[in-house]
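K.L.:
Sequence:
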Amino acid sequence: MSEAAAAGGRGHPGGRGSRVSSGDPERQKAVNADAPRIPHLFQRIRELFVPYKRALVVTGLLVLVGAALTVLPPLLTQQAFDLGLFPPGGRPDIPVLLELVGLMVLIWVVSAALGVWQTYLTAKVGNRVMGDLRIRLFSHLQRMELAFFTRTKTGIIQSRLQNDVGGVANVLTNTVSSVLGNTVTVIAALVAMLLLSWQLTIVAVVLMPILVSVQRRVGQVRARIAGQTQESLSDMTAITQETLSVSGILLAKSFNRQSAEVARYSAENDNQISLQVRQQMSGQWFFAIVQIVLSIVPAVVYLAAGYLIAGGVDVTAGTIVAFTTVQARLMWPLLGLMRVGLDLQTSGALFARIFEYLDLKPAITDRADAVPLPASAAAGRVAFDDVSFVYPDGEPSNPTLDGVSFTIEPGQFAAFVGPSGAGKTTVSYLVPRLYEATSGRVLVDGRDVRDVTHESLVDRLGIVSQETYLFHATIEENLRYARPDATAEELADAARRANIHERIMSFPEGYRTVVGERGYRLSGGEKQRIAIARVLLKDPAVLILDEATSALDSISERVVQEALDEAASGRTTIAIAHRLSTIVDADVIFVVDHGRIVESGTHAELLARQGAYSRLYEQQLSTV
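In my numbering, the protein residues as written are 128 to 751.
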């Protein structure tokens, strides 16, 4: 995988100062709360709820009814004071009091029941939307080209899926009902206050515009901190993924770097703590002032009522009690609206990060007129027609492949050899369109790979790479990844052809043996043979072997090579070879050097020419 390393793996991934390449939006810009972006952002958030319109309508009705009901008790309180406790006759009117108190109790019971129903609906819709968003993001990432993943840390991608989507959960589940309910409650409370006394209402709300203006400024600060917090979480997730994987732990232990890794994680953890504290504290003084203002309003109302009464305005005791009760009902919804406003501005930074990934355009997609690759009697012909290729971060003046042309006939075993970095692996990347040729044409069965659907192209191909990947699952589950509907007999047959069946059956659990993360419970040769069995289950027309035995010892190599020979039988095979001893029987050998094919022919023909291949062969013989 040398060319892959050259394309996207430059630089040590660790360290606080390390950065992925400029192609990763994670580092392209800091997320901010620019006002011009907010309306567009909220429009996109609103579109997430479109599939759940019916549930939202029901929720809205419940919120409206529930909010309206909460304003009635204070008005009934006025009636209880003025008509029940202190009627014009002077003596309490018990029947009127019973009627009013019973009505108030009924209202609260109905409000509580509506609240439970509303909570269920909002939780269901919010979590559905969050789940849809997570699946949409995961699906979009699956369509991204290989180059995106070679330049982006896996932990950072995981953070977008987990931390960022999880960070907006509260907004998605509570915002709609909270905004609607609090808005209706505030409006209803203001109407009730105006009906009771417009003069006292002016006194109660005179400071509200100032508080709203300050709230907006606080929200912008919190949004910036939220963006920095999520970026720090991404770094922590990346460190965790890198250092706590089996490979990372082995590396740290091999170089005695555990304490250094702990220090690196600790430094980012301290940064995260600082940001979390800043995020929690931002706006706290604002809310403290708001709470003080809203709390002293009743006392100011009493003072204002005294002046009004002294000035000859008719204000009853029931009106004052009812007004302060309604004002109390106004205080918490208004505070809730301000908190929701801050949450929306804060979550806007997280949504911006999520949409940033969703807005990435895959570099390799099917054309609008792409057609499935048809079945053909000549299935397996592969050709390059004057193909040149430059990696996304490479220099155009120094292409990895430069004007490469060749044809491999159906059923042929073709090997590509050459020094490290010559461009061999890149050939294996261009056939399945893991990368797009910069110029020229890559043909499979006479069709330009850009003119056929990617799905049908990949169905025609099978790949066995040097770095075998197995899931942390059973051997059976790893094999079924190629064909989920394969029978037990088909699994065993593929394993026999890959020289691994007997070894599998020697395990106590047989095919139900769990292989561990990345197959670490198995030897390198065992992993390779399972990978070969997996490809055999797929039964591709074209088999690509990317240095599949270069990391094995001589004994394992011999066993795996026998399995590879079985896999290659009867199908077109493209072998990227490091050890020339594995390809001496190839039908055709292409020698690649500095991105060009400098020689081609059989093993015997190339040795006879005494050229580049002969020199490579002699070098390897001298090191044996």
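These are calculated hints, taken from the structure and not from any lab test.
Source: prediction; values computed, not measured.
Where hints are given, some of them may not hold.
[Unchecked claim] Derived CB-CB ranges, DEER-like: (1) Tyr596 <-> Gln289: 15 to 25 Å; (2) Leu202 <-> Ile416: 55 to 65 Å; (3) Thr534 <-> Arg171: 41 to 51 Å; (4) Leu233 <-> Glu483: 21 to 31 Å; (5) Gly242 <-> Ala426: 46 to 56 Å; (6) Val185 <-> Tyr392: 15 to 25 Å; (7) Asp578 <-> Arg181: 38 to 48 Å.
The beta carbon of each residue, even a glycine, is placed where N, CA and C say it ideally should be.
K.L.:
Confirm or reject each hint.
P.N.:
Hints, verified against the model:
1. Tyr596 <-> Gln289: 15 to 25 Å: For Tyr596 and Gln289 the Cβ distance comes to about 21 Å; the hint holds.
2. Leu202 <-> Ile416: 55 to 65 Å: 30 Å, violated
3. Thr534 <-> Arg171: 41 to 51 Å: Taking Cβ atoms as reference, Thr534 and Arg171 lie about 49 Å apart, which means the hint holds.
4. Leu233 <-> Glu483: 21 to 31 Å: 51 Å, violated
5. Gly242 <-> Ala426: 46 to 56 Å: 31 Å, violated
6. Val185 <-> Tyr392: 15 to 25 Å: 47 Å, violated
7. Asp578 <-> Arg181: 38 to 48 Å: Taking Cβ atoms as reference, Asp578 and Arg181 lie about 43 Å apart, which means the hint holds.
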